[in-house]
Structure formats: C-alpha cells, structure tokens
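There are 6 protein chains.
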Amino acid sequence: MPYVNIRIAGSLSREQKAKIAAEITDTLERIAYKPKSYTHITFDELPDENWAIAGQLLDEE
Amino acid sequence: MPYVNIRIAGSLSREQKAKIAAEITDTLERIAYKPKSYTHITFDELPDENWAIAGQLLDEE
Amino acid sequence: MPYVNIRIAGSLSREQKAKIAAEITDTLERIAYKPKSYTHITFDELPDENWAIAGQLLDEE
Amino acid sequence: MPYVNIRIAGSLSREQKAKIAAEITDTLERIAYKPKSYTHITFDELPDENWAIAGQLLDEE
Amino acid sequence: MPYVNIRIAGSLSREQKAKIAAEITDTLERIAYKPKSYTHITFDELPDENWAIAGQLLDEE
Amino acid sequence: MPYVNIRIAGSLSREQKAKIAAEITDTLERIAYKPKSYTHITFDELPDENWAIAGQLLDEE
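Protein chains in written order, with UniProt numbering: chain A, 1 to 61; chain B, 1 to 61; chain C, 1 to 61; chain D, 1 to 61; chain E, 1 to 61; chain F, 1 to 61.
Bound conformation, chain A alone (with noise of 0.2 Å):
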C-alpha cells in the first residue's frame, strides 16, 4: 500500500503508463512518505462504450 487504481475509457501507450507510474509514485513518497517501494498502481483501460457521462456512452459523442 498505497493501492491506485487508475481507470480510463481509450488506451494508453506503454510510455504514457510508465510516466503516469513513475510520477504518482514520486507524489506519494513526497507527501504522504511512502516508500516508493510500497506503492501499487493499475490500470484499467475501458472500451468507450463501457463508460457513460450524462447518460450517454462516450462513443455516442
């Protein structure tokens, strides 16, 4: 722990996963004092008609 679980419809590179990793990681040593070591994070990447706004599919828009 910390446990982050990051969900987003669409993908991501690998790059983009790495960064995101790697600075989440930093912010949680930096201000919560969590050894990097210490910190798990995932990704859950939806199709865009798994994920409505509003009431309506994101690939509706």
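Some clues are possibly wrong.
You can't tell identical chains apart in this list, so a pair holds if it fits in one copy or across any two.
What the hints assert, rightly or not - Here are the simulated lysine to aspartate or glutamate pairs, DMTMM-like style, with alpha carbons at most 20 Å apart:
#, residue 1, residue 2
1, LYS34, ASP44
2, LYS34, GLU23
3, LYS19, GLU29
4, LYS34, GLU60
5, LYS36, GLU23
Just so you know, these hints were derived from the structure itself, not from any lab.
Assemble the complex: chain A is given as a structure, and chains B, C, D, E and F must be docked to it using the hints.
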C-alpha cells in the same frame, strides 16, 4: 460523481449498456438530486470463468 | 452478480438508498434479464474532502 | 455478499481460479460464518504493463 | 500484487480478519505461486443499509 | 474520467489529500492529455486492522 461501477459475468450489447446508463443516470438525478452531467458509469464485463458463486466458477454451472 | 458499486461524496438518506437500489435492480432485470435476487448493490459514501474533481477537493468549492 | 475481488498481473489457469474460489469461499464460511451461496468472487487478470510497483511497470522487471 | 479486496455487510472481529488474511495469503501462495510478501488484502465493512440484494437494503430483512 | 481511487492504510491530512489530488490531476493532463476538469480522484483511508500484507494485519507490525 457519483461514480457507478457495474460488474457482470458475460457481456451486454451496446444497446443494453446505453439503456442501463440512461436509466441509472435518471434514477440518480430524480432520487439523489445529482445533475446528469455529474454521473459516470462504467461497465466491467468478465468472462464466466472469472466469476465464482458458492465456490464454483460460473462456467461450471 | 451483477455487482453494482455506487460511490458518492456526501451522504444519502436510508430512503434514498432504498429507492435507488430498487430502481437499479429493476433496470437490470428489465434490460439485462438478471433475476432480481442476483443483483447486489453497495453504496460508498465518502467525505467531501476525500473526493477531488479538477484537482480540487470538493470541500473547497 | 461477501464480495471478493482478486486482482493479479498476469493470468491464472481455469484450474487455479477454481481452486482459489473454492478455498476462499470455504475460509469465509468457517471463519466469518457466511453461507457458501452468499460468496461472490471475481478475478481481474491485468497485463504486466498495467501494473506498477515502486514506480516501474512489471514488464520492466 | 495480488491485491484482494473483501467487502462485507456488517463487521468482522480483528481475530476473524487476521485468520482470513492468513488463509487467503496461504491459498494464493500454494495455488498461484505468489510469495506471501506480495499479497495485499483489504477489508471493507459496510453498514447493512449500504448493501442491497434483490432490490432491498439488508437492514430490511 | 479518468477515475482514480487511492487506497491507503491510516489517514492523510486534508492538506496532503489536496496536494496529492492537484499533482495527480496535473500528471494526467500533461501525460495523458486529459483536461483537468475530467479527472475524479477518491481517497479511501482504511484502519490498519483492515489491511494485510504477507498474511498479517498492519496493526500487528
């Protein structure tokens, strides 16, 4: 917010997801007074072998 | 299953939760053909200072 | 309920998932007195590049 | 990882949580070959009025 | 979306949560091109006895 996560075994058609999202968003507006634009809904469709009830995977039933 | 998790900032009255649960269960029966007894719904009510939108905790707004 | 969500990087065989579900359901019956039929267990198998520990994606290791 | 989230209505004693955590960690080591130190387990204990089955809050039953 | 859930054992001060939310929202804007207003972040602060690592509750350590 609200953030609503719907998890099912098996899959739903795009049409089913659209209707479910529209109805739940409406429910939260009428009953919880959440403006429609605030509500996010995600669908997680799991393979039957990734869901167990009573200690048995659903593809055994 | 289905398993539905509803997360909001702030709280709902017992009556609101009862109505929301009844309506969503009904929605999933009519549209996704899930028998009512299959549907589990959970509510997570978070303090405003535990939810951020646009980088700001909700109790700042 | 209970609802148990197991998230791993990589994948499990069907046989592994069946055994894990059976054992955890048994654990919750013996220790928490939850009838077996109440327990739902889901498995989320994530690609290695979607899980980071210590700021590094697992496919880097 | 693995990351295991156990959600129940009502509460568990500290002793029950300790035993459940020990057994599930053991299960994942024997069956999924995950070293014990990798396994994180969290418990979410919800009020009965925050869990519905079949469209009814559990405190109605 | 994105929707980010941060789970920790113990608690964070309001100031820590504000800074973490601001930084992660910034990270997702710079790296994943998500407008700040899209990002929702939630914090779940769990009691130490509700989190286990290596089969031991954290309040044992």
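Hints and how they fare:
Within a single copy, LYS34 and ASP44 get their C-alpha atoms only as close as 23 Å, which misses the 20 Å cut-off; across copies the closest is 15 Å, which meets it. When the C-alpha separation of LYS34 and GLU23 is checked against a cutoff of 20 Å, the pair qualifies both within a copy, at 13 Å, and between copies, at 15 Å. For the identical chains of this complex, LYS19 and GLU29 are neighbours both inside a copy (15 Å) and across copies (12 Å), given an alpha-carbon limit of 20 Å. For the identical chains of this complex, LYS34 and GLU60 are inter-copy neighbours only, at 18 Å across copies versus 41 Å inside a copy, given an alpha-carbon limit of 20 Å.
Both within a single protomer and between protomers do LYS36 and GLU23 lie at most 20 Å apart by alpha-carbon distance, with minima of 11 Å and 16 Å respectively.
Of the hints listed earlier, there is not a single one the structure fails to meet.
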